[in-house]
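Peer 1: Protein chains in written order, with our numbering: chain E, 1 to 354; chain H, 355 to 617.
Heads up, some of the hints might be wrong.
The following residues of chain H were derived to be distant from chain E, with all beta-carbon distances above 10 Å [to be verified]:
1) R378
2) Y383
3) A464
4) D515
5) V518
6) I549
7) R594
8) M608
Selected chain H positions facing chain E (Cβ under 7 Å, derived; list incomplete) [to be verified]:
9) N426
10) G431
11) T442
12) K451
It should be emphasised that the hints constitute simulated quantities derived from the structure, not laboratory data. Fair warning: this is a prediction, and the values are worked out from it, not measured in the lab. C-beta atoms are modelled at their ideal positions from N, C-alpha and C, and glycine is treated no differently.
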Amino acid sequence: MTEQLLKGNVAFAEAAVRNGLRAYFGYPITPQSEALEHLSGRMIEEGRVFLQAESEIAAINMVYGAACTGVRVMTSTSGPGLALMAEGLSYIAGSEVPVVVVNMMRGGPGLGNIQPSQADYNFMTKSAGHGDFHPLVLAPASIQEIIDMVGLAFELAEKYRTLVMIAGDGSIGQMMESAELPPMQPVRDTVPEWAVSGAKGREPNVVTSLYLGAEKLEALNLRLQAKLAEIKRNETRSVEVATEDADLLLVAYGTAGRICVSVLREARRQGLNVGLFRPQTLWPYPEERLSELADQVKGMLVVEMSAGQMLEDVQRVVQGRVPIRFHGRMGGAIPMVDEILVDAESLAKEIGQW
Amino acid sequence: MTLIKTEIPEGMEPIYSYPESLTRLSTHYCPGCVHGIVHRLIAEVLDELGVRENTIGVAPVGCSVLIYNYINTDFVGASHGRAPAMATGIKRIYPDKVVFTYQGDGDIAAIGTAEIIHAANRGELITTVAINNAIYGMTGGQMAPTTLPGMVTTSTPTGRDCAVAGYPVKLSEILAQTAGAVYITRESATDIVGIRKTKKAIKRAFLAQIHGLGFACVEVLATCPTNWNLDPWEAMQWSREHLGGFYPVETFKMTDEVKALKV
Ligand SMILES: Cc1ncc(C[n+]2csc(CCOP(=O)(O)OP(=O)(O)O)c2C)c(N)n1
Ligand code: SF4
Chain E
1 MTEQLLKGNV AFAEAAVRNG LRAYFGYPIT PQSEALEHLS GRMIEEGRVF LQAESEIAAI
61 NMVYGAACTG VRVMTSTSGP GLALMAEGLS YIAGSEVPVV VVNMMRGGPG LGNIQPSQAD
121 YNFMTKSAGH GDFHPLVLAP ASIQEIIDMV GLAFELAEKY RTLVMIAGDG SIGQMMESAE
181 LPPMQPVRDT VPEWAVSGAK GREPNVVTSL YLGAEKLEAL NLRLQAKLAE IKRNETRSVE
241 VATEDADLLL VAYGTAGRIC VSVLREARRQ GLNVGLFRPQ TLWPYPEERL SELADQVKGM
301 LVVEMSAGQM LEDVQRVVQG RVPIRFHGRM GGAIPMVDEI LVDAESLAKE IGQW
Chain H
355 MTLIKTEIPE GMEPIYSYPE SLTRLSTHYC PGCVHGIVHR LIAEVLDELG VRENTIGVAP
415 VGCSVLIYNY INTDFVGASH GRAPAMATGI KRIYPDKVVF TYQGDGDIAA IGTAEIIHAA
475 NRGELITTVA INNAIYGMTG GQMAPTTLPG MVTTSTPTGR DCAVAGYPVK LSEILAQTAG
535 AVYITRESAT DIVGIRKTKK AIKRAFLAQI HGLGFACVEV LATCPTNWNL DPWEAMQWSR
595 EHLGGFYPVE TFKMTDEVKA LKV
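This is chain H alone, in the form it adopts within the complex (with noise of 0.2 Å):
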């Protein structure tokens, strides 16, 4: 790991630095990948809201199994898709401390559909991030639930083929189903406009946790270059080209409190 410096020359004032709840490592993930953007939005958001010292995360299985490296707060790792289970034991001894969970696609929407969608019925105070890339990213690019109709990865070699594998699974408007869910959004993080969108989508929904209203996910469509064969500037074209055509980038839940908070 890699620790990156920055350094202010005499007389200036920085206008744009590190978050404090941004470690300086640099991250261990493939170029082009969309979550390092996304750990960085998430601590731009603690600092934002003031709540590093006070907030707990939890890691999933997948290629983000090291966030606790690169976001500087307490941190638990969880078993493949049972972060949102985790998360709902320490939301409960500490109901006054933020938590949440950042989990991929397959962790979320495969192995882990019955705990987020039974923590999201809860209206678990939590905020969860969901990175679908629409591909197991870790294990080296196998099928995910995600993962669109004909898309080659290496279980599906010659495309997904529906009547087979199933059909990719569209769990935000699943989620927003849930009585417990105050706010559940998807958003795309491969463009500027995207980025920041999906900045403010996390905010509120770490703002909805703090003010108590109930349970939130922003899901995110992101990118896997590595799995899917493409060099990072294509990656992120085709991610909203092809993973927006299919998982529209909306807004599917928000009650009257979430939208009144002040983001």
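Bound conformation, chain E alone (with noise of 0.2 Å):
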């Protein structure tokens, strides 16, 4: 396989394709709406499924559908569309099928505009609908990520049959860069034992996220809880740049994470010893490595496309063991490098590295 030069929607929607994606329901809407319009004529090419649904609440509704007869299906969205999504997303992860949800956030709130934020942070990791549940979210930073996460989103999501988002920005929707697509898979012919298929030859199978009395309820939270803890166990990515001799520590994800290596390159030019730490899930939080890094380093400096939606977390973890600083910008802004300097200076200074 050779590299090429990729759009990031239509380089996640095309990765989709190629991992035996059977369907696609989607909305329009900016800036997701070139994997939209990729997928239009491409699974149709492949003898798929595309369809465009009357709004998002119809589109997540047919991807739920389509979920419960146990196929590859997915689709994607952005801020607005995501909140219309709320309800089936809930639905979805109560009634434990396999689906994966692309968001391209933009600035809000409200109509708010069609730049890139990271301010669904907590919508999607910590209240993507009503109910006791999480969705595993992946972070990429680049092309290539997005395109990788693709495939991993979907065997994650059949291996604990649950719901996936993958949580990218505006500006990783809209940029080209150089990248490798995954070889071209066959859709999957098998269907789970859980499936609606016709209850040909076996007691019928229903699909609900209905559970009427408590004990009943309390029994499938309980195992969703269960699940969600394996989830955490097992799944919880991050990747390092430059930690182990790090005083100051750069936290950021997605395009602020990919901002964040040229502050540490121009950071380390100058003199000062920064590591950048960057989750690639978003939930589960790899709350383990940061911890361990509390430990090691001397001052914290969280970056985000938000008012500090995922700082949240990284008080969690740290527990006031070393001073934490935050940079943000919002609607639609992307941080600058020479800005994010200007507080990694000043924190240097404060914890004496400079």
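Bring the two chains, given one by one in their own frames, into a single complex with the hints.
Peer 2: Listed below in structure tokens is the structure:
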């Protein structure tokens, strides 16, 4: 396989096709519409299902229906659309069907704008719908990473029969980068035993999130919590840059994490021992490793394209062991290397490292 | 849930028995409720068409949320109003299977209006059975989109004032205008003749799907004795008189191909 120049939205959409995506249902919204457009041609070409729904509410429920048959199915959207999907996401979680949702975050609240943002962190990791559940949330920082995460997302969704979200942002969706797509995989033709397919020669299968009676629903919840605990144990992911000798740790994910690589390079040139911790799973949050790093470094600078949503998770993990500073931009503004650097330098001074 | 047992005495042939597509559970519906009647009609139709093992139902949110306890096929449970979208997802994966939604009037004509209109308009190859009892049964008798003018409900205590609460929605008349619908009819399942007609309509609607003709919906005028504060017998009469008086029992759309189906 060779690398090619790919736009993020096209890249993840094509990666999904090559990972054996059986059906896609979606509704146009910037900054992810190129994914829907790409799939409108490619899925039909491959004899698979593509349908533009009348709303994100309909789209997620079409996804839910298809997921009940056990096939690989996904949708993609951005903030306002994700909000409309929330009820469906909760039903999907309660029914334990595998689904992948890509959210290319844009500026909010409200109609906001179409520029990149990371302000849906809390929505995705903590409150994607009513009831006790978390989606597994993956956060790519490059086109190659979102391509790889699509395959991983389907694998994890099916392994745990759970909802997996990919938390991209407008810049991951819109930028072009050279990357390698996976080889073409056929659509899986086996049907999981729990799925609906017509009760031929067996008792009927029912896929529902309705459990009347507190004991029954609590039993479901206990099962879900046990599954989430297992996901926490097995699937936490993060990457680090130059953390071995770091005194000051940058903590950032996705596009902000990528920007922080430049900050790190510049800071190191100036003689600052800066490292980067970039979570690849936002839920489960890579707590254990961050906690180890909290014992090693002397201060942390959290960088986000939000008012500080992941910041609260960092504070929760660090428990006051080292000072934590925050650099955030909102409303579609992108953090600038030199501005982050100013905050890094002042933190370095504060902790006596400069 | 009570299991219903039937025993056929030695040497006798059953002339009337449980459809295979109906489970042996007694329903949780109130006495005089039409949900149970229509469940049985669907089960009989699935048996007659021989498609039980090839059918996937989509349950609504409403009193009939537990329909999968009674109809002996694969089922999924939709969120309130979204059954047609879920059915779309399933049917697109399984074009050769029989997919149907069963929905109350609140489910289909209020919160789920967008989904049913677009499913119909796409000519989605699904069958929909819509139960019109002019009220929200499950949540305790509030106004439904179908509640008649002047009708007292728990959220229209002085009667539905259309100037304030809006006018009753005539769903079948609306669906009949969609290009993708091939068969849209309203029936009443409150007396023997009506029940027989309803069954025939349901069968035709499933056949339209099986023959790949397009979207079909059977709206059934029903009852809710509990929330109407009537006894079962009065409720049946009230339904015929008042619901039937406002919502004409009529076939609003039937293409020639659907008409030609042998039912
Ligand atoms: C999103 C959402 N809103 C509201 C409800 C509460 N709710 C449950 S059933 C129902 C009305 C059902 O009425 P109808 O569809 O007419 O069916 P019936 O119970 O009369 O058979 C409502 C409002 C819900 N479950 N979900
Ligand atoms: S409340 Fe009304 S609709 Fe619900 S089961 Fe009772 S009679 Fe039927």
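Peer 1: So, for every hint listed, does it hold in this structure?
Peer 2: Comparing the hints with the structure gives:
For H/R378, the non-interface assignment is confirmed: its Cβ lies about 13 Å from the closest Cβ of chain E, beyond the 10 Å cut-off. Residue placement check: H/Y383 keeps its beta carbon more than 10 Å from all beta carbons of chain E (closest about 15 Å). At roughly 14 Å, the least C-beta separation between H/A464 and chain E is larger than 10 Å, which holds for a residue marked as non-interface. Separation of H/D515 from chain E is adequate, the least Cβ-Cβ distance of about 30 Å exceeding the 10 Å criterion.
For H/V518, the non-interface assignment is confirmed: its Cβ lies about 27 Å from the closest Cβ of chain E, beyond the 10 Å cut-off. For H/I549, the requirement that its beta carbon stay farther than 10 Å from each beta carbon of chain E is met, with the minimum near 25 Å. The beta carbon of H/R594 sits about 33 Å from the closest Cβ of chain E, which is more than 10 Å, so the claim that it is off the interface holds. Residue-level check passed: H/M608 sits 25 Å from the nearest beta carbon of chain E, beyond 10 Å.
For H/N426, the interface hint holds, the least distance from its beta-carbon to any beta-carbon of chain E being 6 Å, beneath 7 Å. Using the Cβ-Cβ criterion of 7 Å, the hint placing H/G431 at the interface with chain E is satisfied: the shortest such distance is roughly 3 Å. Proximity of H/T442 to chain E holds as hinted, the smallest CB-CB distance being about 5 Å (cut-off 7 Å). Because the smallest distance between the Cβ of H/K451 and any Cβ of chain E comes to about 5 Å, under 7 Å, the interface hint for this residue holds.
The earlier numbered hints are all upheld by this structure, with none contradicted.
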